[in-house]
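J.: Residue numbers (this note's numbering), protein chains in the order written: chain A, 1 to 350; chain B, 1 to 350.
Bear in mind the hints are in silico, worked out from the structure with no lab data behind them.
For every residue, glycine included, the Cβ atom is placed at its ideal position computed from N, Cα and C.
Hints are supplied without guarantee of correctness; some may be wrong.
[Unchecked claim] Here are some, though not all, of the chain B residues that point toward chain A, as calculated from beta-carbon distances under 7 angstroms:
no.	residue
1	Pro-24
2	Leu-210
3	Lys-213
4	Thr-217
5	Glu-221
6	Gly-257
7	Val-306
8	Gly-312
9	Asp-319
Protein chains: 2
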Amino acid sequence: MYDTIRPIIWHEGTLQLLDQRLLPQQVIYNSYTSAEAVATAISEMVVRGAPAIGITAAYGVVLATQQALQGHVADWRQAVAKAIALLAKARPTAVNLAWALAEMEPLVSKVKEHHALEKLLARAVAIHQQDIADNHTMGELGTALIAQGGGANPVGVLTHCNAGALATGGYGTALGVIRSAFAAGKIHQVYADETRPWLQGARLTAWELLQDKIPVTLIAEGAAARLMHQQRVTWVVVGADRIAANGDVANKVGTSGVAIIARHYGVKVMVVAPTSTIDMHTTNGSGIPIEERPASELLDFHGETVAAAGCGAWNPVFDVTPASLIDAIVTEKGVVEQPSYAKLAALMRR
Amino acid sequence: MYDTIRPIIWHEGTLQLLDQRLLPQQVIYNSYTSAEAVATAISEMVVRGAPAIGITAAYGVVLATQQALQGHVADWRQAVAKAIALLAKARPTAVNLAWALAEMEPLVSKVKEHHALEKLLARAVAIHQQDIADNHTMGELGTALIAQGGGANPVGVLTHCNAGALATGGYGTALGVIRSAFAAGKIHQVYADETRPWLQGARLTAWELLQDKIPVTLIAEGAAARLMHQQRVTWVVVGADRIAANGDVANKVGTSGVAIIARHYGVKVMVVAPTSTIDMHTTNGSGIPIEERPASELLDFHGETVAAAGCGAWNPVFDVTPASLIDAIVTEKGVVEQPSYAKLAALMRR
């Protein structure tokens, strides 16, 4: 129950990606057979969400290997190394991309050629399956943080962007917690920020939760403060694209504003992410590269110009929430409350 | 200079309203000859913005009078009173609507029939002209609050929604200050929140400022916190739909969140509104009616469903920013810093 959506499917030598640009109006899987096409799919957001990008990149390495071996490329390892370099540049903010490639890379160097495809595919599948299992673990850990709501006092939560099944191997990080907490009867209403400019909330989060019959109400991002002022939510539950060593969290732009507003109203903030999202090599949030995407994402809608002609736009698609505004980071290895370098370092040693 | 846009025009017995639902792609004035049609135009947001709604309603009373007199209605005053009651219900939050009707109503009772149309039209025109003059006054007063930016340290400001010429008789409240401050060389860059769901920022504010060649950069509302974190703006400058006696400000939903984030980053918040926006009969913000509009404004775009089918939405279109988060309220009668009941009461006695 509550775990039926799979955005990434390996099927008979091809990678199938659910095209998230077309959801929710169309549910279409695209088929990929080369790492180049996979890198483009990541850049163009056919697939998005930090863990999902990592898993996709791992399969991209498998495709590169398959293509090189089937094409009898003289130095297949070099061809795969090139593909890894290309995949690494597909998007800058989510560290899971680099993490997954770093998981695959040593295998490429040391595996015997006649075993290469089998071993690399097994590793990618393991990354994929572990991600789903970890999401279920985080679902339970996050649910334990949420107080039981009484009948007259139903508990609502707010989520931003989509950190769901669609952003992961399946089940989701933030939406994994929400699925688990809903199943446990701890939450009764989910509010989803529509999340401009890409409308991940309206298009993806709402769609996902409706598939599982979890009540979801969409709000404009501007309504979050009024929502909290009316005490409709007790927690903000979000995912992460990269967590710095001190606990600063890069996530979809708007997250830091929601966290500031949450602190103002005494609403708690939970970040749910696998440890593959934690980047102990980046001291704090100022070291995280923040992707800026084309102005057209704001100026146009479905290819039609919406904004005044000649208007410029600034379109950073992530921001950094300082650790001081985060009440808990939930990972598959455990929960870190009031995150700090010491606590995250201890977590990573587990 | 910088004062060329007129959203409301009285022309030979008809009221012409610039249809703000069609901007910026189409610049079309609709023609109105009845108060009923004017009330519908206000409800359906052909015209929006608190001062503009007030001015429009005043002309609506003129149209009702004209229609009753030309139709030789036996009790023309009763017909106009009915029209006033209808106009008063067109939208709930902006108090300028009630204020303008309260300006017109006594005249309806006491004016002689053969003078009625002339006197009522003169009153509506005076309200309209005074609004534009007041906006220029506020432009100067607000500009005086903004520190001169050096060449290497250009000053940016953020505005939310549209409190411009389009929201008033002309020149604008928040955008009046921005026009004046730009003309004075005090600000160099305007950031406009796109302002969901109606996109007043993308469609109206950007269009207005581009008409006057003032540099404007659009951002998603979620990017406001990152904008302030990067110290790109020193002031948030917004309008108001109703200001309670204690200085709490109802304005476009999202304003209170922006104000909370601004306080977090030490960015100042200026509210620009004529005293007709101040409602001394409402003790504090909790007494201000907050309009909730149809979910379809969030779920659909240009008549096409965007959000997941079956998804609900909560669409409050205003929120309340507490007085404690406002650094200055700029009115035509003067500036109130750190607003309080005593300061606003003193202002209103001027």
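J.: Next, verify each hint and record whether it holds.
T.: These are the hints, each one checked on the structure:
1. Pro-24: holds (4 angstroms)
2. Leu-210: holds (5 angstroms)
3. Lys-213: violated (10 angstroms)
4. Thr-217: holds (5 angstroms)
5. Glu-221: holds (5 angstroms)
6. Gly-257: holds (4 angstroms)
7. Val-306: holds (6 angstroms)
8. Gly-312: Hint holds; Gly-312(B) Cβ to chain A Cβ min 5 angstroms, cut 7 angstroms.
9. Asp-319: holds (4 angstroms)
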